[in-house]
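Sequences listed follow chains A and B, in order.
Quick note on the UniProt record's numbering: the first sequence kicks off at 1 and runs consecutively.
Quick note on the UniProt record's numbering: the second sequence kicks off at 1 and runs consecutively.
Incorrect hints may appear among the rest.
The calculated label-pair distances, taken between Cβ atoms and stated as ranges, are [unchecked claim]: (1) B:Gly275 with A:Arg74: 50 to 56 Å; (2) A:Arg384 with B:Glu393: 42 to 48 Å; (3) B:Arg294 with A:Asp272: 24 to 30 Å; (4) B:Arg240 with A:Asn381: 37 to 43 Å; (5) B:Ser403 with A:Asn381: 53 to 59 Å.
Hints were generated in silico from the structure; no laboratory data involved.
Don't be surprised by glycine CBs; every beta carbon is placed ideally from N, CA and C.
2 protein chains.
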Amino acid sequence: MSEARKTDLYELTMAMAYIHEGMTAPATFSLFVRDLPPERGFLVAAGLEPALDYLSDFRIGPGDLDAFANALGRPTRELVPLLGMSFDGEVRAVPEGTVVFANEPLLEVTAPLPVAQLVETYLLNLLSHQTAVASKSARCVLAAGGRPVMDFAMRRTHGLEAGNAAARLGSLVGFSGTSNVDAAATLGLPAIGTMAHSYIEAFHSEESAFHAFARAHPERPLTFLVDTYDTDGGTRSAARVIKSRGLGADSAIRLDSGDLADQAVRARRILDSAGLTDVLIVASGGLDEYRVDRLVREGAPIDVYAVGTRVGVSADAPYLDSAYKMVAYDGRPVMKLSSAKTTAPGQKQIFRSHGCSDVIALRQERAASDVRPLMRPVMRNGQRVTDAPPLSEAQERFAAEVSQLPPEARRITGPLPLRPGFSDQLKALTSQVRRRIASEILAPERV
Amino acid sequence: MSEARKTDLYELTMAMAYIHEGMTAPATFSLFVRDLPPERGFLVAAGLEPALDYLSDFRIGPGDLDAFANALGRPTRELVPLLGMSFDGEVRAVPEGTVVFANEPLLEVTAPLPVAQLVETYLLNLLSHQTAVASKSARCVLAAGGRPVMDFAMRRTHGLEAGNAAARLGSLVGFSGTSNVDAAATLGLPAIGTMAHSYIEAFHSEESAFHAFARAHPERPLTFLVDTYDTDGGTRSAARVIKSRGLGADSAIRLDSGDLADQAVRARRILDSAGLTDVLIVASGGLDEYRVDRLVREGAPIDVYAVGTRVGVSADAPYLDSAYKMVAYDGRPVMKLSSAKTTAPGQKQIFRSHGCSDVIALRQERAASDVRPLMRPVMRNGQRVTDAPPLSEAQERFAAEVSQLPPEARRITGPLPLRPGFSDQLKALTSQVRRRIASEILAPERV
């Protein structure tokens, strides 16, 4: 499908009005999250790479004109001024895997006003969704305290596209594998998964199901799901199969329901007394960072955590309070004033000191020597500045960034997010634009 | 992309074990929701049509074998037994738009065991996600009490696919339009939307922005966004533009932030005193069924509700506790016994009496004359029984079904879902299978 149709109708009606008025000067839009959801001490910037792919491919073709005309109820010929429009602008952004906080721009787009407007909807969609899921996934990695975390979300994400995003974002923050075959194949991620309860039920006994599985998969480390009927009995069956087949250290059992901590203790005891001290215990079933954290704190002898639904849909924060706000048009800084949702004008930069102490500044400000700017040019004239980086770059960035976070931001329950400050120059510009709006725009209409 | 890759790795490892063991007899899997989320008095079955499209197209080709081999870390030749496998089974389901409750099968698949297993992941994904969003959307329609509801969710759904699903599902339960251009074009839905705050900011005054919009869109009813700087002032500007251009009854103003009830009262007063009693007020901005319900109860003079993010991601219930459970294999009813997640065995039917008083029964049971069966054959030998129905069929079905729901299930806050009963025959079969498992499967392993 054409990328150009991934938009809301109002982007189109605005673009048409801009073209009609000859308002095609460059505009800058800033995409940021106004407030972090409760129970988030930080966000992990994500979605930039698919967003740049989208912008690279954005081009309005004849088929799009027909679709637009249909949506607007206007003849196609009236849409002709849009034909051939592509994204030829500049993008500055924080790279994927960067830790970010409220009000920090994830991305700034500068392009002729109509096209900068048309790309709003899908940029917001990609960056909001993916940053939400990456942030939730990152908390699972922190909760697991070094134990491997796996993505099992595909069956309940909001479509396949979201399932593949969950797999990629899990990997970005340090997951060890995914159950999702398409994502594993497409993204080159380790694929993991073995059997369901239904598999056990299809056989006349649990142990015969395990043996059949081992016969069919002679070359793989095997994981046996032991809680279909009775977890202790299932663990003993698995232990017998593992011993009789000499599967040893490559194998694992999986617990998927009930009191996981208690069952893991009992299963560990059964495995150990069978001499299978190197057989691992995998836990799954409704896990998220809160439950993983509790299990780890309780000392549950669980070696691998598989997280699914709640993480893939970011269940406690399934969306972010994100905004795509115009901050400059034709060289003039602008802002929205009404109610509580005031936004700061002008193109920006984020300066980070050690410990993620951040200042949001204007783009042209100079950094002190001990701070580093987080936003960098990623697209010029509609072309990526560099080739798409491998996922490993974002993985390494996240690992380095998260280690600098203070403990209260990393906390799973009741985390305290850092609050970036605003530079003096940005504060001065904000006051100045506010005064200008009050005098030029509000005053005459109050008459 | 090939439909066959939309699966979890464990579906594949199980399918291989089944083929290896010659276990290719027909199996029946039942897809249902175990418990309704809090604050849901009913669910609206949805996702069946895309699920049938998926099953129709499911076929394992040579490229899939390579992807599977890669995911499994095995040579492609070992996957050859899967080559050419397609979905050639039977599907019985409740049609889209049907009101359903806990434990009622949305769908039952009967197919050779390996293929019935391979389709689990994506069937669960489609039906869980779409039923969740349709159910949330339906509550918005109920809350709005006859006032039009619009879908504005695209910018924060989990990807474009989820955005298009939200537009379709909103329409299914009675929404009047969508902001999503691609969904409107593809599905033939009314597209709606006009301008953002950034549009106003791009001009030197709010009123000049409104005039420019009217010049560019001479043929459309226009909606003016009035809360960029000061809502009363914006409403007065809009009133002047509407009057001076004679836009009258076709037009509207939109409120998108702040105290919507208070602003709507003030805006209505301003419009009425300008003689614009037929200009509508549209409200948007963080709306969901709870907020719409409150605004309607407060008597806010809002004519149209645009709901977005919270509805498109089903924010208070972003997933359903759904399951795809084997209920029969090779003529033998089966069930999972462990912990609290017992499932009832055998192929099923749902019998509904007036007022949505339901009984879950076995497939072969006869209905009394005053009840109707909800599940119907929709696919035989991998082919749809009828052509894909138009969306209007599901729309009419939902409208008829929801009108039969008792008020306590329709309630927005603290709804009470109906609890279907189980037929005597189903209860008897459940006890019998439970006893068989206890004697055949559990007992020997307890040794």
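So, going through the hints one by one against the coordinates:
no., hint, verdict
1, B:Gly275 with A:Arg74: 50 to 56 Å, "violated (29 Å)"
2, A:Arg384 with B:Glu393: 42 to 48 Å, "holds (46 Å)"
3, B:Arg294 with A:Asp272: 24 to 30 Å, "violated (57 Å)"
4, B:Arg240 with A:Asn381: 37 to 43 Å, "holds (42 Å)"
5, B:Ser403 with A:Asn381: 53 to 59 Å, "holds (57 Å)"
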